[in-house]
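Student: Protein chains in written order, with my numbering: chain C, 1 to 504; chain R, 505 to 976.
These aren't lab readings, by the way, just hints derived from the structure by calculation.
Here the structure is a predicted model, which is why all the values come from computation and not from measurement.
Ideal Cβ positions, reconstructed from N, Cα and C, are used throughout, including at glycine.
Just so you know, not all the hints are guaranteed correct.
Simulated restraints, written as ranges between beta carbons of each label pair [stated by the list, open to error]:
#1 Val913/R - Val379/C: 49 to 55 angstroms
#2 Ala158/C - Ala774/R: 38 to 44 angstroms
#3 Asp489/C - Pro973/R: 54 to 60 angstroms
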Amino acid sequence: MTHLLTALVFAPTAVALLLFALPRRTTPTVFRTVWVAASAAELALVIAMWIGYEADGGMQYEERARWIPSAGVGYHVGVDGLSLPLLALTCLLFLACALYSLRENRRIREFAALFLFLETTCLGLFAALDLILFFVFFDLSIVAMYFVIAGWGHRQAARAALKFFLYTFIGSLALLLGFIGLYLAASPHTFDMVELTEQNPLAGRSVYGALVLLAVVVGLAVKTPTVPFHTWLPPAHVEAPAAGSAILAGVLLKMGTYGFVRIAMPMLPEVWRRYALVLVVIGVLSVLHGALVALAQTDFKRMVAYTSVNHMGYIVLAVGAAAATADSSEQARSLAVTGAVTQMVSHGLLTGALFLLAGVLYERGRTYDMAAYSGVAAVAPLFAAMTGIAAFASLGLPGFSGFIAEFQIFTGSLGPRPLATALSVLGILLTAGLFLRALRQVFTGPLRLPDTPGTPRAFPDIRAHESLAIVPLLALAVVLGVAPRFLLDVIEPASRSVLELLAR
Amino acid sequence: MTEMNENPLDLLPEVLLAASAVLGLLLGSWLPRARQWIVGLLAALACVAGIVAAAVAAAEPALTAFGEAFAVDPVTSTSRIVVLGGTLLVLGVSFRALRADPRETEFYVLVQLAALGALMMAGAQDLLLLAAGYLLASIPAYTLAGFRKDGPGTEAALKYYVIGALLGVLMLTGITVLYATGRGTAYPMLAEAFRDAPKALIATGTIGLLAGVLFKAGGVPAHFWVPDAVQGSSPPVAALLTTIPKIGALAALFRLGEVVFADSTLPWPALVAVLAAASMTLGNLGAFFQQDVKRLLAYSTISQVGYLLMPVAVAGRADLAQQALLYYLAAYAVTNLGAFAVVCALPRAHSLDDYRGLAKERPLLAASLVICLLGLVGTPPTSVFLGKLEAFSAAFDGGYAWLAVLAAVNTVASLFYYLRWIVPAVSRSGPSQPAVGDQAARFVAYAATVVSLGLGLAGGPVLDALAGPINR
Chain C
1 MTHLLTALVF
11 APTAVALLLF
21 ALPRRTTPTV
31 FRTVWVAASA
41 AELALVIAMW
51 IGYEADGGMQ
61 YEERARWIPS
71 AGVGYHVGVD
81 GLSLPLLALT
91 CLLFLACALY
101 SLRENRRIRE
111 FAALFLFLET
121 TCLGLFAALD
131 LILFFVFFDL
141 SIVAMYFVIA
151 GWGHRQAARA
161 ALKFFLYTFI
171 GSLALLLGFI
181 GLYLAASPHT
191 FDMVELTEQN
201 PLAGRSVYGA
211 LVLLAVVVGL
221 AVKTPTVPFH
231 TWLPPAHVEA
241 PAAGSAILAG
251 VLLKMGTYGF
261 VRIAMPMLPE
271 VWRRYALVLV
281 VIGVLSVLHG
291 ALVALAQTDF
301 KRMVAYTSVN
311 HMGYIVLAVG
321 AAAATADSSE
331 QARSLAVTGA
341 VTQMVSHGLL
351 TGALFLLAGV
361 LYERGRTYDM
371 AAYSGVAAVA
381 PLFAAMTGIA
391 AFASLGLPGF
401 SGFIAEFQIF
411 TGSLGPRPLA
421 TALSVLGILL
431 TAGLFLRALR
441 QVFTGPLRLP
451 DTPGTPRAFP
461 DIRAHESLAI
471 VPLLALAVVL
481 GVAPRFLLDV
491 IEPASRSVLE
501 LLAR
Chain R
505 MTEMNENPLD
515 LLPEVLLAAS
525 AVLGLLLGSW
535 LPRARQWIVG
545 LLAALACVAG
555 IVAAAVAAAE
565 PALTAFGEAF
575 AVDPVTSTSR
585 IVVLGGTLLV
595 LGVSFRALRA
605 DPRETEFYVL
615 VQLAALGALM
625 MAGAQDLLLL
635 AAGYLLASIP
645 AYTLAGFRKD
655 GPGTEAALKY
665 YVIGALLGVL
675 MLTGITVLYA
685 TGRGTAYPML
695 AEAFRDAPKA
705 LIATGTIGLL
715 AGVLFKAGGV
725 PAHFWVPDAV
735 QGSSPPVAAL
745 LTTIPKIGAL
755 AALFRLGEVV
765 FADSTLPWPA
775 LVAVLAAASM
785 TLGNLGAFFQ
795 QDVKRLLAYS
805 TISQVGYLLM
815 PVAVAGRADL
825 AQQALLYYLA
835 AYAVTNLGAF
845 AVVCALPRAH
855 SLDDYRGLAK
865 ERPLLAASLV
875 ICLLGLVGTP
885 PTSVFLGKLE
895 AFSAAFDGGY
905 AWLAVLAAVN
915 TVASLFYYLR
925 WIVPAVSRSG
935 PSQPAVGDQA
945 ARFVAYAATV
955 VSLGLGLAGG
965 PVLDALAGPI
975 NR
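Please construct the entire structure, taking both the sequences and the accompanying hints into account.
Tutor: Below, the structure written as structure tokens:
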């Protein structure tokens, strides 16, 4: 099968179109079933690809087709150790969201179709090996997520969605300008990532290279998001529906950090090395700012949103530190990049789970305000246990995936950037504090539930479809924490090759 | 001097359109009112035949007809196909609205004459022919703007006419000065003469000339008529005014830049770049808080002219300029007409709030609107995205990176006002409009949306076809 990857990318959209072909009066159950089945099939497909993947084989499942040759644009997709884990994560999270939304009633057909379309854009972005293809999926993911937030969000959703769209759209245009800069520097002009990586077109052109890097980094930093471009994130998360938040945090944020390792580092190695310190500083600022602001939140979902800024900061720190060549062994730097990719996967699993759990909380109590809850563990022990696991995993406790990722990042970054790494470790301490505080507030003490008019008094424990969505994410986080080799074996060769490209 | 080519077959699309206009006028005088639609059908057939003729001519090598007055090259051929295709869409959206109107025939004839004027401007290789094309494109358009004979229509027509007359006189003055400077009006001759002509004279003449051409393009600083004329006239006419003459005018500007001013003493790129920057920025600022959909689209077309002027500015300096302009013109025309077709399809909806609940009433129409508006923003994979990509690349390549950055910033800003329209259209709440609508216009909207998307996805072969050499 040569078109496996294309099938993986475009199948969800085909199913989405199929949903619209069904008559309007079809029962919602059919739409839900089709959605879950399609997502499950996608996951099965990506697992099959993982099994067929050779860890040292470089780019695999590659496909090329002529698209717009006179503009230097082609359809070129492929999978390597950087993208495969993210493709798998995407499929898993979308399945989790489909399962979680089994009780969703509001315009389920449109909701399912949007999510399936969104799945195509996410998978397409991670598989893209052409800058314009990357950009197309990048932009379309913004459009689809905009409609998810604006259409199914909470009260202030329209405003938050607009902010999200405008911010990330600015980022995407900065990215486009950077891509055009790369395109014009290459000879012959091309947008093909593999060719651009080989050519390294901006070698020796420091000013031009710096401007292109600036455009690309700004574009990716808005999406990641890092301080100071993160202000769109909290409102977007708070107002989005639970499944939308899970995808936004779990998959869409990874597009930014993936862009760093896929585009910025291999294509602009010289300027990346020169300005890596800036990224280290931005990373540390994001880590500390995200953790401190999260500490000050009373809203559970907003707190989780800020911890995303914190966790993405570790990744930016790692990719920045990896560039510092000063007296550090090859292995240490490789650790940093491997840790960054592992962190992307780990954060996707854990934040996805946390946002879905936040959705469970909201569905019962109609508020995210932590002060309104107390002693919930007494009535909903399973919910409390899952939230506890997700929170402990997220703060980097050994035995969970977060620990593996952050340990590698810190070990890899400590040599080249000791001060920055030391400051970042403080972030872990802060996250530990804020998660423990939140758990104590919501789950322990005498039972108290929000009693605003119209809310159901009972707090039923987690339901079957919710645990079907959340438990696999947590289980995988534990598996990765205990036996991470199957993931690291895939990532390590790829991260070594990124470093070889960076060292040019 | 070479033998003069006076073969009218080289101008077949233009001849067909003129013949159909004259024949239609005669036919309309004899047909009963209920059967005047035949004139519209005739016009549509002339457009289709013209597109076929233009496509055939495009496959031949480039040539000039009637001395050196009219060029048949990729610029002309593309403009022909886009103008005639656009006219076809305009005829489609007006078909139902004008059915059994007492002046149905006149409308179709005027539309054809305005399109003919745009075609002449696109192909003109002589300043006098350009002036004639300007008048031919303008006068029917003035009449069309006031076609409804109501208050806003009269205001629209008057404003349009007064500004058009003023700038037309300026243009003729400019042409006179350029004639005096270059001792000729044919482009190749002027190009030769302008290599070492006095700068002040060329600048004076060019500014006059630009006044007229920018009036037709609806670009800053000759844009004042656009919002009022578009808001005041009926939706099909508004669609025509913001699309068809622009194509002719921008093709003419490109030809001027590439052939006449590329090697002249005049700083043409800098001049056009400033106009482009002003047009995109002021158009966007004007559009921000509009409530009337036609007025919003009117300002959006001003900003689009700014983007379209980017490749004109780097004409002759960047290899991509010609492809970028022609592709963007086609993409813009079909996407803009798609948005206007949605407006035509809902004749009772005037303000943004009137579109509330459209997605529930007419999901396909709402989808067309969203795709066309996001297309105008430049969201992939619609065709305007590829047009913008090419235009940005051309501007970078021609040394105008600042212009590309400004265009990117403006693109983000434009998203804001397009979203102000998209949001009510897709929201589920709100009073649902009685679903009266124009079926023909609806189909035009669907067709334009499909073409806009298809042109973007299949942009490769189209771009290749646009790359042929221009006549010099």
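Student: Now look at each hint and say whether the structure bears it out.
Tutor: Do the hints match the structure? See the list:
1. Val913/R - Val379/C: 49 to 55 angstroms: holds (53 angstroms)
2. Ala158/C - Ala774/R: 38 to 44 angstroms: holds (42 angstroms)
3. Asp489/C - Pro973/R: 54 to 60 angstroms: holds (56 angstroms)
Of the numbered hints given earlier, the model fails none.
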